[in-house]
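Here is how the chains run, residue by residue.
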Amino acid sequence: MAEAAQEKNPSLAEQWSLQDKEDKSAQSEVPVEKTTGDEKPADATAEEVVSEKTGETPVVDDANPVAEENSKTPEQEETESQEAAEETPAIKLETAPADFRFPTTNQTRHCFTRYIEYHKCTAVKGEGAPECEKFAKYYRSLCPSEWIERWNEQRENGTFPGPL
Amino acid sequence: MIEVFLEWRFLTIAPCDAAEPWQLGSQDAATPIMQGIIDLHHDIFFFLILIFVFVSRMLVRALWHFHEQKNPIPQRIVHGTTIEIIRTIFPSIIPMFIAIPSFALLYSMDEVVVDPAITIKAIGHQWYRSYEYSDYNSSDEQSLTFDSYTIPEDDPELGQSRLLEVDNRVVVPAKTHLRMIVTPADVPHSWAVPSSGVKCDAVPGRSNQTSILVQREGVYYGQCSEIRGTNHAFTIVVEAVPLKDYGSRVSNQFILQTN
Ligand SMILES: [Cu+2]
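Same order as they appear, the protein sequences are chains A and B. This note's numbering puts the first sequence at residues 1 to 164. This note's numbering puts the second sequence at residues 165 to 423.
Just chain A, with the same shape it has in the complex (with noise of 0.2 Å):
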């Protein structure tokens, strides 16, 4: 995905330095041990060890002192989602693509259009068809849940407007 992205148009990409991006793209599982190589290149480890001597907040080496303000320590928030990557699954980022159908900023359609798509595929394939799947994951992730929960009550009554 954003692989053929980058091919589309490379002046971007290299420009703003996302070459990192490559590597641990679209799929990246949480833990991606061979990071950005500025950003805590050593591992969590070599960084313990320097903040268990100081017994302070390791340096940071990135100019963010804004996210230091956060209430966790980094080496905390190291060890705990080191931790977290082992136990918890991992997430997929992706989300519904770019539609050529609904270029502007208004997306109030791409998402209704999404919700009746999967309604009428559900209808057709049967109730959970795996091809459906995909409309579902698109329209929960355009359509703001209050929209959705009042969409599936009108079509219980019966009284959706759209075209089922």
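Please keep in mind that the hints were generated in silico from the structure rather than gathered at the bench. Fair warning: there could be bad hints in the mix.
Quick list of in silico lysine-lysine cross-link-like pairs, BS3-like style, CA-CA up to 27 Å [to be verified]:
1. Lys134(A) - Lys339(B)
2. Lys339(B) - Lys137(A)
3. Lys125(A) - Lys137(A)
4. Lys92(A) - Lys134(A)
5. Lys120(A) - Lys137(A)
6. Lys234(B) - Lys92(A)
7. Lys120(A) - Lys134(A)
All values reported here derive from a predicted model rather than from experimental measurement.
Based on the hints, put chain B with the ligand in the right spot on chain A.
Frame of chain A; chain B with the ligand shown alone:
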């Protein structure tokens, strides 16, 4: 005294991602779009200063040389082809030089060039803001949703900015294409983060999208730009974390919610 002022004003080492007292310029860019906006501003300022100097020179010169006694009769030019051509052509070329980069930027802002990796929904409510991460759902009910309230004026912790901090920040991965879906549940809002160069109106019954690519990790402070109703919650805080941390942050929260 002056040095202290200069240091405070210009020599801050940390990137400026929140509003400062008496701030005149933009906040530091965190996205290519914001960089583009700042660059355009500087481009336009070049022409602005050029025109300003030229016009002031003419004005001051005219005032200086028109003297009741010394120079009672100014020159009586009523027609001059050359000067008329020049003063027609030049002012029409200058807006063109401004328009070209301006339109290029404008269209690049709302063009979604690549498929986003994450969709985050920012739902505005009058007294708070809720965020939905629904890319990982497997049913309509189950969704990673949290509310983000402004820290009240009377109890910010040390180091927190007054009326700029929230209890739950929006966590986004850095260096990833994001799609923000902006919509309100009651009154109109406008989701704006200056460092990201984003200002997206939230209109009831409509969902707007805007795309963000945060270039560096950090905490970015924004404010709602459509303050409707009493005690309207206007604080927006975006926290960009490295992509590898994002996964665990989100899945942790997801696990907590679903259990
Ligand atoms: Cu608002």
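Here is what the structure says about each hint:
no.: 1; hint: Lys134(A) - Lys339(B); in the structure: holds, 25 Å
no.: 2; hint: Lys339(B) - Lys137(A); in the structure: holds, 23 Å
no.: 3; hint: Lys125(A) - Lys137(A); in the structure: holds, 17 Å
no.: 4; hint: Lys92(A) - Lys134(A); in the structure: holds, 14 Å
no.: 5; hint: Lys120(A) - Lys137(A); in the structure: holds, 15 Å
no.: 6; hint: Lys234(B) - Lys92(A); in the structure: violated, 83 Å
no.: 7; hint: Lys120(A) - Lys134(A); in the structure: holds, 13 Å
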